[in-house]
Amino acid sequence: MAELNANGATLTFELASSGDGSALVKVAGELDITTIEDLEEAVQPVIARDPKRLVIDVSSLRFADSSAIALWVKWSTAVPELEIRDPQPLLRRVIDSMGLAQTLRVTP
Amino acid sequence: MAANNGEETVSARRPDGRGWPYRAVVAVGVVGLLVTVGLIVVSTILYHNNENRLLKLRTRDIGSVLTAAVPSVLTSVGSTATFAEATNGNAGKFDKFAGQYVGQGSGRPFASMSLWRVDNPAGGPTTVVGAQPKLAATMDKAPALFARAAATHKLTVLGLLDGPAPRIGYAFVEPGTNGPYAVYAESALPAKRYSAPQTDSSFTDINYALYLGKDPTAKTLLITSAPRVPLPGHRAVVTIPFGDTFLTVRATRRSSLAGSLPRDLPWLIGIVGVLLTIGAAALTIRLIQRRRRTEQLADRLEQVADENRRLYAEQRSIAQTLQHALLPAELPQLHGLQTSARYEAGVEGVDIGGDWYDAIAVDDKRLLLVVGDVSGRGLRAATTMAALRYGIHAYAAQGDKPATILTKLNALVSVKSSGQLATVLCVMVDPDARELTLTSAGHLPPLLISDGRGEFVKTDVGLPIGVDRHASYTSTTVTVAPGATLLAFTDGLVERRGESIDVGLGRLREHATSNHATLDELLTRVVSNLREDGSDDDTAIAGIRWLS
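Residue numbers (the working numbering), protein chains in the order written: chain A, 12 to 119; chain B, 488 to 1035.
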């Protein structure tokens, strides 16, 4: 678990991987331009191990700006399968408004 | 010198300063020393009171010892007198009996004993044991002495017989008789009547002087342990009866009676007090210096903060200048159509943003209105924004339709390589036909206002630019009423943390549908009302209005 705090925005994230070749990143707090680099840096090694699936659990993420969504789209091009799991309604609405629900495989 | 200079600089920079900073140190020092002196005085007084009390007790002890010793003199002289009376003044028997009291050693208090006749003192002693009595050398004193002894039947003390070997003489006449026999004895006193203090005595810590009678003078001094009399300093006095006179003891302390700790306590208090005072003063100096350093640091930080504010303002102004340089200087005006746009930097924005608007005249009849937003901030976002903006100009000039333009834009941005996305809304406006053709690459829908009612135009939303190189887009065409207004904007206008964008969209609709005379006023009001709480994101908004 790592915690970041910049300009009042707080981001925490956890990395885990399961035996079936999928990796899980749980992100909580606020993800914006002040915190995104750290997340990208932390997940880079996970992607470098070529997981079959990358699951981003965003159930506890209160806010994500467009650069965060861009980062997820970038990840989606780097792994065979990406899943944005359980976004809160506000975030779900933003993803939908950008037409990215399918690209990011938002579940449920 | 360097430190002095530094201090002078500080006081010069603080003309309202609190004066000399070390007054507190002086105060601490003065208070500490006063307390120390007070404690020294109190402990000294207590020490002396206690010493004087102990001296009094010791002197009383001496009195008790003397009182216990006096009867041995009295008994020796008295029993010899009784024996002389009983043996009718037999000189031989007297010599033998008195011999036990004369000489040196324990139980022999006298240097000389002699038998006299009361009725004939001038005749001298009948017999003498031990040394020749000194009385014999001053015979004029003898009659009065024996007369007194015969009258009182007490141990009659002749007094001090001074000389190189001083003595004290006593006479006694057996009670119940008028003589004729009197016993006279003399005890030796030490030379010069000085007896060096004995180290094994219980009185080593005091000096005493023993006087005959109640009037202590040099002439009545019998024996002293001090090299000179009268004894200096505080004296305790005790007087005890001795025959027909008295013995007076004066005593002074030779050393501390209560021990060395009470004696040294005032010194210890003084040393500890001074050390504590110095320590407290040093601590105060350190605290003062630390506070001054903190104040200097605070001043320095204030300067840095000022400098930062200045740099921030400068950078913000550079960013805004650059931003405006990348936006169209003026919008093309078409017949029957008002066009207006705003760009607002975020409150915290020192970085240039990736939002933009544009309006391009297409074949003199139509207007291509564009609003877009590149993800992220800074020069990278601005560069991508500029590329997209000029790309749209180029493709529009080629005669491409908006859907084709958007597909082609995907060649300019790739999220895979740059991590950037862009949402773009293209609105092809045909003023004469009152038709709008909308194409969206992941962008928020525009607000269409007609007859005071606002509605977000439903369009198909394609992928943002940069996701898929071959993304395709579908356009939606709507016909508008005369006098209608269209507002296209970026998410900075409606997006707030912790709030659904639907709430922001609703707020926009509410503010945009109240009455406004001109399109310019409408944009001004919408921007100021929706951003009054200070959004940290940039916002671009562009509007068109049909004049009829």
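By construction, these hints were calculated from the structure, which means they are not laboratory data. Where hints are given, some of them may not hold.
[As the list claims (entries may be wrong)] Simulated pairs of lysine to any residue, SDA-like, Cα-Cα distance not exceeding 20 Å:
(1) Lys852(B) with His880(B)
(2) Lys903(B) with Gly40(A)
(3) Lys63(A) with Lys903(B)
(4) Lys903(B) with Gly30(A)
(5) Lys903(B) with Thr21(A)
(6) Lys903(B) with Glu25(A)
(7) Lys903(B) with Val90(A)
(8) Lys903(B) with Pro100(A)
(9) Lys903(B) with Asp97(A)
(10) Lys903(B) with Ala27(A)
(11) Lys583(B) with Thr613(B)
(12) Lys679(B) with Lys37(A)
(13) Lys903(B) with Glu52(A)
(14) Lys903(B) with Pro119(A)
(15) Lys945(B) with Pro56(A)
(16) Lys903(B) with Arg60(A)
(17) Lys903(B) with Arg64(A)
(18) Lys903(B) with Ser29(A)
(19) Lys945(B) with Arg103(A)
(20) Lys903(B) with Asp61(A)
(21) Lys888(B) with Thr781(B)
[As the list claims (entries may be wrong)] Chain A side only, calculated, beta carbon under 10 Å to chain B, not exhaustive:
(22) Leu26
(23) Leu50
(24) Phe74
(25) Ile80
(26) Asp107
All residues carry an ideal CB built from backbone N, CA and C; glycine is no exception.
Outcome of the hint check:
Distance check on the hinted pair: Lys852(B) and His880(B) sit about 16 Å apart at the alpha-carbon level, within 20 Å; holds. Taken as a hint, the Lys903(B) and Gly40(A) pair is broken in the structure, with Cα atoms around 25 Å apart against an allowance of 20 Å. The straight-line distance between the Cα atoms of Lys63(A) and Lys903(B) is roughly 18 Å, inside the 20 Å bound, and the hint therefore holds. Taking the CA atoms of Lys903(B) and Gly30(A), the gap is near 27 Å; set against the 20 Å cutoff, the hint is violated.
Note on Lys903(B) and Thr21(A): the hinted pairing is violated, with a Cα-Cα distance of about 26 Å set against a maximum of 20 Å. A threshold of 20 Å between alpha carbons decides the hint, and for Lys903(B) with Glu25(A) the separation of about 24 Å lies outside it, so the pair is violated. Between Lys903(B) and Val90(A), the direct Cα distance comes to roughly 11 Å. Compliance with the 20 Å bound is thereby established for this hinted pair. Annotation: proposed proximity of Lys903(B) to Pro100(A) is violated, straight-line Cα distance about 27 Å (limit 20 Å).
Restraint check: the Cα-Cα separation between Lys903(B) and Asp97(A) comes to about 24 Å, which exceeds 20 Å; the hinted pair is violated. Straight-line distance between C-alpha atoms of Lys903(B) and Ala27(A) comes to about 24 Å, which puts the hinted pair past the 20 Å bound. Using a Cα cut-off of 20 Å, the hinted pair Lys583(B) and Thr613(B) holds, with the two alpha carbons roughly 14 Å apart. For the proposed pair Lys679(B) and Lys37(A), the alpha carbon gap of about 110 Å is over 20 Å, so the pair is violated.
Using a Cα cut-off of 20 Å, the hinted pair Lys903(B) and Glu52(A) holds, with the two alpha carbons roughly 16 Å apart. Taking the CA atoms of Lys903(B) and Pro119(A), the gap is near 25 Å; set against the 20 Å cutoff, the hint is violated. A hinted pair counts as satisfied when its Cα atoms are at most 20 Å apart, and Lys945(B) with Pro56(A) does not qualify at roughly 41 Å. For the suggested pair Lys903(B) and Arg60(A), the alpha carbons sit about 17 Å apart, so the restraint of at most 20 Å is met.
At most 20 Å may separate the alpha-carbon atoms for a hinted pair to count; Lys903(B) and Arg64(A) meet this at roughly 17 Å. Of the pairs offered as hints, the one joining Lys903(B) and Ser29(A) is violated, with about 26 Å between alpha carbons and a cut-off of 20 Å exceeded. As the CA atoms of Lys945(B) and Arg103(A) are separated by approximately 18 Å, the hinted pair is consistent with the 20 Å bound. Restraint check for Lys903(B) and Asp61(A): satisfied, since their Cα atoms lie roughly 16 Å apart, inside the 20 Å limit.
Simply put, Lys888(B) and Thr781(B) have alpha-carbon atoms about 67 Å apart, too far for the 20 Å limit, and the pair is violated. Here the hint on Leu26(A) is broken, as its CB sits about 20 Å from the closest CB of chain B, past 10 Å. For Leu50(A), the shortest C-beta to C-beta distance to chain B is roughly 12 Å, which exceeds 10 Å, and the interface hint is violated. Interface hint at Phe74(A): satisfied, since its Cβ lies 5 Å from the closest Cβ of chain B, which is below the 10 Å cut-off.
Taken as an interface hint, Ile80(A) checks out: its beta carbon lies about 7 Å from the nearest beta carbon of chain B, inside 10 Å. Annotation: Asp107(A) was flagged as interfacial toward chain B, and the flag holds, the nearest CB pair being 8 Å apart, inside 10 Å.
Checked against the numbered hints given earlier, this structure breaks hints 2, 4, 5, 6, 8, 9, 10, 12, 14, 15, 18, 21, 22, 23; the rest are met.
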